[in-house]
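Heads up: the protein sequence lines correspond to chains A and B, in order. Residue 1 is where the first sequence starts when you use my numbering, and the numbers rise one by one after that. Residue 1 is where the second sequence starts when you use my numbering, and the numbers rise one by one after that.
Just to be clear, a hint being listed does not mean it is correct.
[What the hints assert, rightly or not] Just the calculated beta-carbon pair ranges, DEER-fashion:
1. B:G220 with A:Q118: 53 to 61 Å
2. B:D179 with A:V28: 36 to 44 Å
3. A:L38 with B:A29: 40 to 48 Å
4. A:A49 with B:W216: 54 to 62 Å
5. B:A45 with A:A178: 23 to 31 Å
6. B:G220 with A:A49: 50 to 58 Å
7. B:V30 with A:V45: 43 to 51 Å
8. B:V33 with A:A58: 39 to 47 Å
9. A:R197 with B:I235: 32 to 40 Å
[What the hints assert, rightly or not] Some but not every residue of chain B turned toward chain A, in silico, with C-beta under 7 Å:
10. W108
11. D111
12. T115
13. A118
14. V123
15. L218
16. L222
17. M223
Honestly, the hints are just simulated from the structure, not real lab data. By construction, the Cβ of each residue, glycine as well, lies at the ideal position given by its N, Cα and C atoms.
In case you want the letters, here they are:
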Amino acid sequence: MTAAAAPMAAPRARSEEPEWLVWATVLVALVIGALIQLAVTARTVTVTAEGVALSYPAAWFPRSEENTLLAAGDIQSPVGSRVSVRRVEAPSADGEDPLIKAATAWSVSRGRGLTGYQALGTRSTTAAGKAAYEVEYVWLEQTPQGAIAGSIPVLMRGVDTLVVSGPNLYVLSFAVTADDYAARSPRFPHPVSLFDRIVSSWRVP
Amino acid sequence: MVQRSSATERRSATLPIILEIGAIVLFAAVVAVIGSLVGVRPQGAGLMLVSLLLAIVPAAIWLVAFYRLDAVEPEPKRYVFGVFLLGALLAGALGEPLIRNLFQVQTWVQDGLLTGLAGSIFVVGIIEQFLIYAAVRYTIFNATEYDSEVDGIVYGAAAGLGYATMVNIRYVLESGGVDLAAGVMQVSINALALAAFAGIMGYFLGRAKFESMGRWWLPGGLMLSAVLNGVLSFILEQLPFLGGLTYNPWYGLVGATIIAAAVFAAVFTLIRRANARLIASGGAA
Numbered sequence: 001m002t003a004a005a006a007p008m009a010a011p012r013a014r015s016e017e018p019e020w021l022v023w024a025t026v027l028v029a030l031v032i033g034a035l036i037q038l039a040v041t042a043r044t045v046t047v048t049a050e051g052v053a054l055s056y057p058a059a060w061f062p063r064s065e066e067n068t069l070l071a072a073g074d075i076q077s078p079v080g081s082r083v084s085v086r087r088v089e090a091p092s093a094d095g096e097d098p099l100i101k102a103a104t105a106w107s108v109s110r111g112r113g114l115t116g117y118q119a120l121g122t123r124s125t126t127a128a129g130k131a132a133y134e135v136e137y138v139w140l141e142q143t144p145q146g147a148i149a150g151s152i153p154v155l156m157r158g159v160d161t162l163v164v165s166g167p168n169l170y171v172l173s174f175a176v177t178a179d180d181y182a183a184r185s186p187r188f189p190h191p192v193s194l195f196d197r198i199v200s201s202w203r204v205p
Numbered sequence: 001m002v003q004r005s006s007a008t009e010r011r012s013a014t015l016p017i018i019l020e021i022g023a024i025v026l027f028a029a030v031v032a033v034i035g036s037l038v039g040v041r042p043q044g045a046g047l048m049l050v051s052l053l054l055a056i057v058p059a060a061i062w063l064v065a066f067y068r069l070d071a072v073e074p075e076p077k078r079y080v081f082g083v084f085l086l087g088a089l090l091a092g093a094l095g096e097p098l099i100r101n102l103f104q105v106q107t108w109v110q111d112g113l114l115t116g117l118a119g120s121i122f123v124v125g126i127i128e129q130f131l132i133y134a135a136v137r138y139t140i141f142n143a144t145e146y147d148s149e150v151d152g153i154v155y156g157a158a159a160g161l162g163y164a165t166m167v168n169i170r171y172v173l174e175s176g177g178v179d180l181a182a183g184v185m186q187v188s189i190n191a192l193a194l195a196a197f198a199g200i201m202g203y204f205l206g207r208a209k210f211e212s213m214g215r216w217w218l219p220g221g222l223m224l225s226a227v228l229n230g231v232l233s234f235i236l237e238q239l240p241f242l243g244g245l246t247y248n249p250w251y252g253l254v255g256a257t258i259i260a261a262a263v264f265a266a267v268f269t270l271i272r273r274a275n276a277r278l279i280a281s282g283g284a285a
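Whole structure, please, built from the sequences with the hints as guidance.
Set out below in structure tokens:
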């Protein structure tokens, strides 16, 4: 510590200290850490109900939502980060594309049920091995604390994927806060890739 | 003469650390009791200011203790403070971004016991301990002022406290200010734990410079301190919930105090024995 205090022995030469071993140890440990992270975050749980199968991150928990066959969400965040599957009767096509007609009707009903609903776009796609239609939208959601506690609503971003199967319309709803969607925050790291994973593993009768 | 000066140096290095542990516990207890008795809860900028003060107090206590006890013999204050600052800078610039943004440990480490332990060791522990190692190894380690094995513990603890201070500041800023009682406990636990784990790394660094310890000594020391860091940090996070669903930060503080006291007692004992063996074999200068 000081020149007055006697050193116990002469300092060793630098060449005796294989510094690369320390760096190699760190590298190996971090690779193990990254593999564990990958294994944990990539793990999913698959649930089924009435012929519908849905996969979601293992860290999520099942939720109870009205009129849903299956629902799950990230309980670490008070709002957002959730997925659900609904089954409703498909409207009669009357010569129109049944999927587009169903999507239009669904979008209207969503607009009635969600505060500040605004559709952002629609597109044709495939899901559950069938032709599908996606409706992307935003809305305002009150936090669990509610307006009484003085909290302001949260801007949410959602994607509904619609598939017609037989007489039924199946809707996979994926929701995340707009902040998480934009920032890809640690709370919800990769919403787009997660959405793709959920949709690709979705099955309907 | 060698034994006498070594004993003096051990005392001058040990006393600030003992004082640090005791003073932090006292500080946390006093603030927590005052916070619960007075019942005044600062808000807004006042809360942030008080919280930031709480975050840096543990480091300030140690630095003051170190400087006050420096009268025994002159110490390279600027090096100690420099390593402290470097520990804080490495935490802010590398450690916390790696742990929280790249590995996003906070999103998956609660997934289960084994996952939590593995994440604590192979991500949090290894990154924290390597940066503490780097703060000492690539700076003061090669300086002439680093001239005894105890210096490894002193500089290691300085780097660890610097790291802890940055962790505490981030904790306060992210929380938008903290509750006095719970907040002071958390910053105290962070400071005690990180200083203790850094002391272990410092022990390995201390002996590495003056003895022929073999090529696996430093990697082994780094891995051991990372494992202890990971396991004990994981336990410390669970301790406040020991009583069931009720959160009691006192359990965490008691645990951190025991860990810090045990770690520093162990590393100083090991250093003393190593020195005694060296003197007995006639290896002293």
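(message) Output the indices of the hints that this structure fails to meet, ascending.
(response) Those not satisfied: there are none.
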